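With chain A's structure known, arrange chain B on it following the hints.
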Amino acid sequence: MASYLLTDRPIESIADYLAAGGGEGLARARAIGPDATIATIERSRLRGRGGAGFPTGVKWRGVASADPDQRRFLVCNAAEGEPGTFKDRALMRWNPYQLLEGIAIAAFAIGAEEAYIGLKERYAAELSALERAAAEMQAQDLLGDVPIRVVTGPDDYLLGEEKGLLEAIEGRPPFPRWYPPYLVGLYTDMPAGVGAGSAGWSEQANPAVVNNVETLSNVPHILAHGPEWFTEQGTPDSPGNMLFTVCGDVVHEGVAELPMGTPLAVLVHGVGEGPPEGRRVKAVFPGVSNAPIPDSLLDTPMDFDSMRAIGSGLGSGGMIVYDDSACIVAAAAVLSRFLAVESCGQCPPCKLGTDALAERFFLIDSGGGDRFTLDEVTAWIERVTDANRCGLGAGQRALAAGVLRLFGEEVIDHLGRRCPSDRVLGVPKIVDWDPDTGTFAYDEGYFAWRRA
Amino acid sequence: MVSSSAPPGTVAAKLPAPAPVSEARRLHSEGVSPAEGAERLAGRFDADELRRARDWWVRRMPRSSWDDPTPTKVLRMLERALAAVDGRVPTASAGRR
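So the sequences go chain by chain: A and B. Quick note: the first sequence uses the numbering used here, first residue 3, plus one each step. Quick note: the second sequence uses the numbering used here, first residue 0, plus one each step.
Warning: the hint list may mix true and false statements.
Unchecked claim - With the C-beta cut set under 7 Å, the calculated list includes, among others, these residues of chain B facing chain A:
1. Arg-39
2. Gly-42
3. Arg-58
4. Arg-62
5. Ser-64
6. Trp-65
7. Asp-66
8. Thr-69
9. Val-84
These are calculated hints, taken from the structure and not from any lab test. These numbers were taken from a predicted model, which means no experiment stands behind them. For every residue, glycine included, the Cβ atom is placed at its ideal position computed from N, Cα and C.
In isolation and in its complexed conformation, chain A is listed as follows:
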C-alpha cells in the first residue's frame, strides 16, 4: 500500500479528487447503510490519530447506539496544536476533499444531526481550502445529507482538547469540561448545576463523536477499498499508514506518510536526513506530553503499543529532534513553560504544577538548582495530575518524569553548575512549512504574544 493520504501531488479540484477515486467511500457507505459502515470501520481496526489511539469503530458504535431520543453530533477536531506537529494542517491543505468525505461518512454512520469542524481562526489557509472544497462537493452532492459547519476558535492548546473544543463550539472559551463527549456532547438542555445521576440525566446526553482530521481522512479509503486492504499495512494492533512530522535538529523537516510500526530511526535519519553534520541525535520528544526517547531507542517501531512499551507514547506523530548541542534541561524547561502557559487554570494543581516545574527546570539550567530543587520537581511530578479535567497535567508528568528517568545524569550534572550549552531553545510550535527549503516556520514570538 503506497501513500494514500498524502498523494504525489495535492488534490486541488473536485475533478482531481474524482479522478483519484474520490466519492467512492460515501457511495459505498450509502449502499451498505450505517450499521454496516460502522462494522467496516470496526473490522479495519482503525485507531484514532489524535494521540490516544482509541479504536474508531468502538467510538462510533458507542454513540450510534445511544438512546434514540438523544441528538447525536460529529465533531472533527482540526485544532491541531501540539508542538512539533503539522500533519493535520498538511492534510487539509493537500487534500481537504477526503476529510470532508470522511466527515460525511462518519456523520451518516452515527446518525448525526450536524457535523462540526473545529479549527483555529489562525489557520486561514486550511479554512479557505476546506470552504472551497466543501462548496465544490456540495454542488455535486458529495457531502451527504448532514449539514457541516465550521467553527473557529482561539490559538489555544486546549482548543485541540476534545472537551475544550466542545465548549468552543458552544461559544465559550475552550476550558475542558468534566465528562467526555460520548457522555455529554453538544447542546444538552440539562439545567446548570445538574450532573450525572441527577434528575433529567440519562446515560448519554446528546453524545458526540470527536475524531481527528487524520482519522477521518482514512475513512473514505477504508470504505472504498475494504477493511482488509487497510489491515495489510502497519502492525496487527496499529494498522494502516500514519502521518509523522519530523522537526528540530534534522537536515530536512517535513511530514511523511509511513506504515505504522516503521522504526523511529527511519523518520529521523531517512525522512529527516539525520542531524546536521558533525552532530548526533540526543533525544526525540514525541510532542510535549510524552517522555523523550534517547538515541539508543531510535529503533522503536512507531506504533501505539511499542511506543508505550518503552515508557513514551506516539502522541500525534510529531517528533521533535534535539541533537547533542541542545541541553535536555533547557528543553524540559521550555516545553514545561509551554504547558504552564496553556494550562487553563480550572484545576489548580495543573496550573501551579506546570508553572513550578518550568521554573525549577529553568533554575537547574541556570546553575541555581540543588538537590532540594530536584525534590520539588519530583513532588510536583506527583501532584501536577491532581484534579485534572483533561490530560494536560498528565502530559507534563510524563515529560518531566521521562527527563528525570532517561536523562537523570545530565540533570544532576547541572546542579550548582551553569549549563555549558549557550543555545537558546524556543517552543517548536509550527505555523507553516516551506516546501522549497524543507523547513518549518515556528511561532517565534509565542511567549510574548501568549502572555500579553
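What follows is chain B alone, placed relative to chain A:
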C-alpha cells in the same frame, strides 16, 4: 538521593481517601459499571458521606496518563450515588459543562 518532600504551598500530606471514594475506585477497578457501582454505594453511604467524598474526589482525582478515563468514571459513580440518596443534589459537574 531524592526524597519526596512536598512543594511549598501545597497540601503535603497524603490524606486518606474518604471511604466512598476508596470503594468507588475498588468497584471501578473490578470493572463494575458506574450505574451498578452507584447503586452499591447508595446502599452503603448516606448523602453527607457521599457529598464529602464527591467533593474530595473533584479536588484530587489523579490521572495516571492523559487518556486515563478512571477519574471521570469514579466521579460519575459518586455523583450518581449521591443523586440516588439525595434528590436535591447540586453536583460538581454542571450538565452543560
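Each hint tested on the structure:
no.: 1; hint: Arg-39; result: 13 Å, violated
no.: 2; hint: Gly-42; result: 14 Å, violated
no.: 3; hint: Arg-58; result: 5 Å, holds
no.: 4; hint: Arg-62; result: 4 Å, holds
no.: 5; hint: Ser-64; result: 5 Å, holds
no.: 6; hint: Trp-65; result: 3 Å, holds
no.: 7; hint: Asp-66; result: 4 Å, holds
no.: 8; hint: Thr-69; result: 11 Å, violated
no.: 9; hint: Val-84; result: 10 Å, violated
Going down the numbered hints, you'll see the structure goes against 1, 2, 8 and 9, while the others check out.
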